[in-house]
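Student: Chain residues, written in single-letter form:
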Amino acid sequence: MTLLATVNSDVPFNVAQNVGFGVIAVLMVTGALRVVTTNNVVHAALWLVLVLAGAAAQFILLAAEFVAITQVLVYIGAIVVLFLFGVMLTRAPIRGEAGLTRSNWFGGALVGVLLLGLLSFTLLDTFGGDRLPADTRLTLRPAAVSQAEGTEPTAGSNVGAVSDSIFSRYLIPFEAVSVLLTAALIGAIVLARKE
Amino acid sequence: MLLNQFLILSAVLFAIGVYGVIARRNGVAVLMSIELILNAVNINLVAFSAMTGTLAGQVFALFVIAIAAAEVGVGLAIVLVIYRNRRSIDLDEVDLMRG
Chain A
25 MTLLATVNSD VPFNVAQNVG FGVIAVLMVT GALRVVTTNN VVHAALWLVL VLAGAAAQFI
85 LLAAEFVAIT QVLVYIGAIV VLFLFGVMLT RAPIRGEAGL TRSNWFGGAL VGVLLLGLLS
145 FTLLDTFGGD RLPADTRLTL RPAAVSQAEG TEPTAGSNVG AVSDSIFSRY LIPFEAVSVL
205 LTAALIGAIV LARKE
Chain B
136 MLLNQFLILS AVLFAIGVYG VIARRNGVAV LMSIELILNA VNINLVAFSA MTGTLAGQVF
196 ALFVIAIAAA EVGVGLAIVL VIYRNRRSID LDEVDLMRG
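Chains as they are written, first to last, in the numbering used here: chain A, 25 to 219; chain B, 136 to 234.
Note that these hints are calculated values from the structure, not bench results. Any given hint might turn out to be false.
Said to hold, decoys possible - Here are the computed lysine to any residue pairs in the SDA-like style, where the Cα-Cα straight-line distance is at most 20 Å:
| id | chain 1 | residue 1 | chain 2 | residue 2 |
| --- | --- | --- | --- | --- |
| 1 | A | Lys218 | A | Leu139 |
| 2 | A | Lys218 | B | Thr189 |
| 3 | A | Lys218 | B | Ile217 |
| 4 | A | Lys218 | A | Leu106 |
| 5 | A | Lys218 | B | Ala212 |
| 6 | A | Lys218 | B | Arg233 |
| 7 | A | Lys218 | B | Asn220 |
| 8 | A | Lys218 | B | Ala191 |
| 9 | A | Lys218 | A | Phe130 |
Here chain A stands alone, though its shape is the one from the complex (with noise of 0.2 Å):
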């Protein structure tokens, strides 16, 4: 029901907004079709860098700058370099390997094409022309904050709401996320242990 509430069609429509939306896209998906293309594992993992990087310009875009600073820090600086670990240990040759994808990828890029077909088509057919709201909404304290504290939403960064609501409603979520990752990080010594 919120979703109806908020889709508002005299939003201005924001040139800058989009071109840099446009840019990233495709600067993403060119890394991410390079991604999975490239020969040369390294030259992946690099890649992957550039898609990691323009999906947090798009959470700013978004005006979640706490999940894009998250993002930098997580992804760029630690699973990409745990990738790269990765890499030097299964020793892949560093100038290339030919047989890095399948000879029979066209069963594959069938399956991609076939789903994005039809994600495409369903998202058009329930969302149509649905607009965000403006940039100087989205950088609004939520809503909910604001009426819980019976003052007027301000204008201004959201991260101080979205630890609110991690240590308040998602606190449970939250706590179980840290046992999962401590057990993960067991798990990943007990087996990459030398016997």
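Chain A is fixed; fit chain B onto it per the hints.
Tutor: For chain B alone, kept in the frame of chain A given last:
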């Protein structure tokens, strides 16, 4: 901005990731394709969060990022064990369960 431009970008990334999971033979490359899929999910979550003006989507995107980190850690450990046992991370050669 339209909601759909983010959703379709995310669908494109998702389809590319699915192609990568199916078509790649190298275990590390398959894990990278899974990261593409998880990122597509994150873009969707944050776009819907902006659409509804609530923060649930952003909080869930943070959870997805944390779980992706755990997944990569365990996944790479498994790839390392496969490499140690078989001297190869070619997934076509990991066919112990073939009848």
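Student: So which hints don't hold here, by number, going up?
Tutor: When the structure is compared with the hints, numbers 1, 2, 6, 8, 9 turn out to be violated.
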